[in-house]
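Novice: Single-letter residue listing:
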Amino acid sequence: MLERSLVAVLPRDVARDAVREIDSHLRDRIAAAAATTNERASLEKILSELGPPQRVAQAYSVERTFDEAVVTGKLFAIVRAISHVAMSGISGFFAALGVFIGYAIGAAFTVLGIMKPIFPDNIGFWVNDEGPLYGFDLSWRMGVGPGVRHEHLAGGYWVVPICLIIGFGLLFFTHRGARKFLAWWRQRRAAFTVSVRSAL
Amino acid sequence: MSLDVWYEQLRRGTLDLAILLTVSAGPRYGLAIIQHLEEFTDLVVTEGTIYPILGRLTRQGLLDASWVEDEAPHPRKYYRLTRSGAKRLAQMKREWRSFSGKIDRLIDAAPIAERDGRDAE
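Chains as they are written, first to last, in the working numbering: chain S, 1 to 200; chain X, 1001 to 1121.
None of these hints come from the bench; they were simulated from the model. Keep in mind that a hint or two might mislead.
[Claimed, not checked] Restricting the straight-line Cα-Cα distance to at most 30 Å, the calculated cross-link-like pairs of lysine-lysine (DSBU-like) are: (1) K1077(X) / K1087(X); (2) K1077(X) / K1093(X); (3) K45(S) / K1077(X); (4) K74(S) / K180(S); (5) K1093(X) / K180(S); (6) K1087(X) / K180(S); (7) K1087(X) / K1102(X); (8) K180(S) / K1102(X); (9) K74(S) / K1087(X).
[Unchecked claim] Label pairs and their computed distance ranges (CB to CB): (10) V71(S) / R1080(X): 20 to 28 Å; (11) D23(S) / L1010(X): 30 to 38 Å; (12) A107(S) / W1006(X): 36 to 44 Å; (13) E44(S) / A1090(X): 40 to 48 Å; (14) S1066(X) / E49(S): 20 to 28 Å; (15) A86(S) / S1066(X): 36 to 44 Å.
Heads up, the beta-carbon is just placed ideally off N, CA and C, and yes, glycines get one too.
Chain S with its partners taken away, still in its complex shape (with noise of 0.2 Å):
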């Protein structure tokens, strides 16, 4: 059941030496409690220390996740971390979501910058011939679709760069940005329990 458990979030050869590695332990603690009267009990209290399967496995799998996503910096990796920030707390959910936030507008401006040239009137800067809309400052917006009737298309085929330049920005610094945060949450919150040893 471990060994499922594991393998579920862990490369096989992996999994297969944590299991090795585990039963190896099991063995020198049932070892150590075969001289105690009570050998079930002795063997109820190790396997409970161990813990459940599934918590071991997660156990294993934030640690290579965080080590992954800080040391090869691969996007996947980090979105897997990323989300174990998100379920960690309150501060962390906010923190996952200013990186998703980063991604997802990225990801737009560059798909806007793509899609310009493909849908040159649909896509761009559109300016609001009536002044200021909804009775603030923003006379613009950024869209995609046919105008409305007093919106002009502005800026042409500058949208192309503009769009490149910040979507690709903003990926570029939000990815260097998530690495450093999650080298820096794994600093500061470690993935596993200590606890005070209690009177035996």
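Based on the hints, put chain X in the right spot on chain S.
Specialist: Just chain X, lined up with the frame of chain S:
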């Protein structure tokens, strides 16, 4: 923050140092590291989480792991400090001594501040 939470954060921050110190004396396997920590400190790390930490330290290049087949009735995975690990340990020990010295100075100055605080009340 409750005292227990603060205490746990303090322990978490020092566990890497404690593990590297334990291994610096010579190669040890996982259970031996746990027992050493229990014997010399009151740091009790759950078995289900010590191994992921050892795996992380190994991936970081601070520890080197190898299986020893013929020493015991069953194979054991031993961890030893690498050169990078020894360098990191030396840095951590310096930082720890510097930091704890500063805290000790604060603690020594605190009775004067506490007395002044009581007088102010």
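Novice: Hints first: check each against the structure and report whether it holds.
Specialist: Hint-by-hint comparison with the structure:
1. K1077(X) / K1087(X): holds (23 Å)
2. K1077(X) / K1093(X): Within the cut-off at roughly 26 Å; holds.
3. K45(S) / K1077(X): holds (23 Å)
4. K74(S) / K180(S): Holds, because 13 Å separates the two Cα atoms, which is no more than 30 Å.
5. K1093(X) / K180(S): holds (24 Å)
6. K1087(X) / K180(S): With a Cα-Cα distance of about 23 Å, the restraint between K1087(X) and K180(S) holds, given a limit of 30 Å.
7. K1087(X) / K1102(X): Holds, at roughly 23 Å.
8. K180(S) / K1102(X): Status holds; Cα separation ~28 Å.
9. K74(S) / K1087(X): Holds, because 28 Å separates the two Cα atoms, which is no more than 30 Å.
10. V71(S) / R1080(X): 20 to 28 Å: The hint (20 to 28 Å, Cβ to Cβ) holds, given that V71(S) and R1080(X) are roughly 21 Å apart.
11. D23(S) / L1010(X): 30 to 38 Å: Cβ of D23(S) to Cβ of L1010(X): about 33 Å, so the range 30 to 38 Å holds.
12. A107(S) / W1006(X): 36 to 44 Å: For W1006(X) against A107(S), whose Cβ atoms are near 41 Å apart, the range 36 to 44 Å holds.
13. E44(S) / A1090(X): 40 to 48 Å: holds (43 Å)
14. S1066(X) / E49(S): 20 to 28 Å: holds (26 Å)
15. A86(S) / S1066(X): 36 to 44 Å: About 37 Å separates the Cβ atoms of A86(S) and S1066(X), which means 36 to 44 Å holds.
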